[in-house]
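**Q** Fit chain B to the known structure of chain A by using the hints.
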Amino acid sequence: MGKLNSLADLTKIREESRHRIGLRAKSDSPEGLVQVRVAMATCGMAAGARTIMDFFADELDKRGIGAIVTPTGCMSYCYAEPTVEVQLPGTEPVVYGFVDLKRADEIIEKYIKNGELVEGIIPVNYETID
Amino acid sequence: MAKFRMHLLVCGGSTCRSSESDLIAESLRREIEEKGLQAEVQVIMTGCFGLCGKGPVVRVMPDNAFYVGVKPEDAPVIVAEHVIKGRRVQRLLYAGTAGKEPVSDPKHNGFHRKQIRIALRNCGFINPEDIDEYIARDGYAALGRCLTEMSPAQVVEQIKLSGLRGRGGGGFPTGLKWEIASRNKADQKYVVCNADEGDPGAFMDRSVLEGDPHSVLEAMAICGYAIGATQGLIYIRAEYPLAIQRLKTAIKQARDYGLLGEQILGTNFMFDIEMRYGAGAFVCGEETALIHSMEGERGEPTNKPPFPAESGFLGKPTNVNNVETLASVPVIINKGAGWFSSIGTEKSKGTKVFALAGKINNVGLIEVPMGTTLREVIFEIGGGIKNGRKFKAVQTGGPSGGCLTEKHLDIAIDFDNLIAAGSMMGSGGMIVMDEDDCMVSVAKFFLEFTVEESCGKCSPCRIGNKRLHELLTHITKGNGTMADLERLRNMSLVIKDTSLCGLGQSSPNPVLSTLANFMDEYVAHVSEKKCPSGQCRDLMRYTIIYDKCVGCTACARACPVNAISGERKEVHFIDQDKCIKCGACFEKCKFAAVLIN
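Here the protein sequences come in this chain order: A and B.
For the first sequence, our numbering puts the final residue at 1040, and the numbers step up evenly by one.
For the second sequence, our numbering puts the final residue at 933, and the numbers step up evenly by one.
A few of these clues could be false.
Stated by the list, open to error - Simulated crosslink set (DSS-like; lysine-lysine; CA at most 30 Å straight-line):
1) Lys450/B <-> Lys743/B
2) Lys371/B <-> Lys1020/A
3) Lys1020/A <-> Lys339/B
Claimed, not checked - Rough simulated footprint, nothing fancy, chain A against chain B, three-plus residues with beta-carbon under 8 Å:
4) 378-387
5) 395-401
6) 450-464
7) 700-714
Derived from the structure by calculation, the hints contain no laboratory data.
Every residue gets a Cβ at the ideal spot worked out from N, C-alpha and C, and that includes glycine.
The shape of chain A in the complex, shown without the other chains:
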């Protein structure tokens, strides 16, 4: 899309993108894709988030799981970097902390494939605005 020439253009993008990240916010449709978001602020990257994000992107692809892997900002759990939020279609997002390659593998094999939670969950402890 080129330049936005009116408020209507902005609203149009908002609706289209809402649909896209709506998958991420609510994800009520069971057919949707698995969403994996990796906290990639300075703190996360210093703790190795880049490797973890590459691992998820490559391995989910290799293991034939339809997923969207995106970078995001600081999730604010600096004591537990790298942090990764995983949302299975139709469920609430779950944040995992201290994710190394071993835990990343477990998350794919146990949680993403079977819905079995693995160690390292950080409960959401805040409320955000719409």
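**A** Frame of chain A, contents of chain B only:
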């Protein structure tokens, strides 16, 4: 896909663990196995829920039932009632949720009133390098609204009504700042974003810029519209490469969409943003020093007035706002000044982001409504003190602030209360100290920072802080006298009164507040030549206990400076003049015969 129909999340934070949450998990598991449900229901220990005061906490997913104060013997009833019959155990439900319908999204369900994210609303949620995701979260809608529905004066009015105050440290009312800048007539005005975050232990601005750069760009454009400026500048320290890169990406995307540049959203408003890099000087967070640095001059402050709103960058009216302040602006426009001012205390509205650091379990960022108490921040959201140690003090406001103690834990955090307690809000760093920290050393640490960062322009700050630091060093080496303590206090007051800018005016705060709250520690250092926390190396004495020494010679061999003498199978002796207090003898001794005091 999910094989399990239900998950029981048991809090494994250190506070909940200490009240037997692992036993709770075990009993829940046992109950579930007894009922043959292990293939359908999973029990797992998680990190801290941030509700330590109400622990142990168990959360049931996907029903979102939140049980608090759970005991191991409650496991059978939770399994029998909730897991099998689907009925919530009313007596254990968290009061905040009782009677409420479950909400599927934990971020919007009202469980966590303690933390509300306004400035951090998109951090860790959207992809910061994708403008569409920001737009999907109502991004640029506030700018659109301002340009099409509101006059510049109305925008200023909204910000004034919201009660928003500068988050960079000063707490000056943002709306008033905008109003003054809008009143001054000039051919060119500037909007400056102050991203020169320099307090040790503070990193909220960096997180906002890295996680949600568009919110700052949008707010700057709104400010430009409100005050009549067409040019924005972001002054950011070069030590934040990732934030710089994400801002650059964001500026480019906004330009491509025509959200920056000429005829924004088809209106006649034009606004563009450029970046300016700082070399990381703390004083450049002061707005006049920041402006001089951007002009290519030395980063030194000048007297106010004239305020930047009259004569700022290149002599033109300039409005300088901090990152976090700006990040709150689009929300105020979207949700209304009334909504924003309904959060917080009487004189401090909205929320504040704090960076928790030091001896605290959950190091990280939090955003709480103004008026939250220090106790809630440290012991609930922050998960308490590391390793079960005892809380001693918390330094708020970085090197410009002061330390607060046990007796201040229940004050409601806002700009005015913190100042009344002898500290300040500052940019929102919170460094937590435990019983092992020496308060004289803490004051010395902050003074060391100030001495390094003083620009040197005015003598009270340049020379006074140096002298303060020397006196503190003197004391920690065991050479201080009671008269030095009085000298410390007097000099601090003079520096506060006579320094040119905020840096010097606030730099003695750590000294004054530790003197006020921990006089006993200072006295121990000067009169008994002792450091109660055992941190001051020069005050430590290693001695060998006569009765315990067996004469194994291990310590003498370990000593790097040959300060220990003694024959085999005879009691050894440490020569205090030679001892460098390295502690090698203490570590080597197998008979606990080396004493530290």
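**Q** Run every hint past the structure and note whether it holds.
**A** Status of each hint after checking the structure:
Distance restraint check for Lys450/B and Lys743/B: the Cα-Cα separation of roughly 21 Å lies within the 30 Å cut-off, and the hinted pair is therefore satisfied. With a CA separation close to 23 Å, the supplied pair Lys371/B and Lys1020/A stays within the 30 Å bound. Between Lys1020/A and Lys339/B, the direct Cα distance comes to roughly 10 Å. Compliance with the 30 Å bound is thereby established for this hinted pair. Counting residues of the stretch 378-387 of chain B whose CB falls under 8 Å from any CB of chain A gives 9; the rule of at least 3 is met.
Counting residues of the stretch 395-401 of chain B whose C-beta sits closer than 8 Å to any C-beta of chain A gives 3, which meets the bar of three, so the coverage hint holds. With 14 residues having a Cβ less than 8 Å from any Cβ of chain A, the stretch 450-464 of chain B passes the three-residue criterion, so the hint holds. Only residues whose C-beta sits within less than 8 Å of a C-beta in chain A count toward coverage, and the stretch 700-714 of chain B has 4 of them, enough to reach three; the restraint holds.
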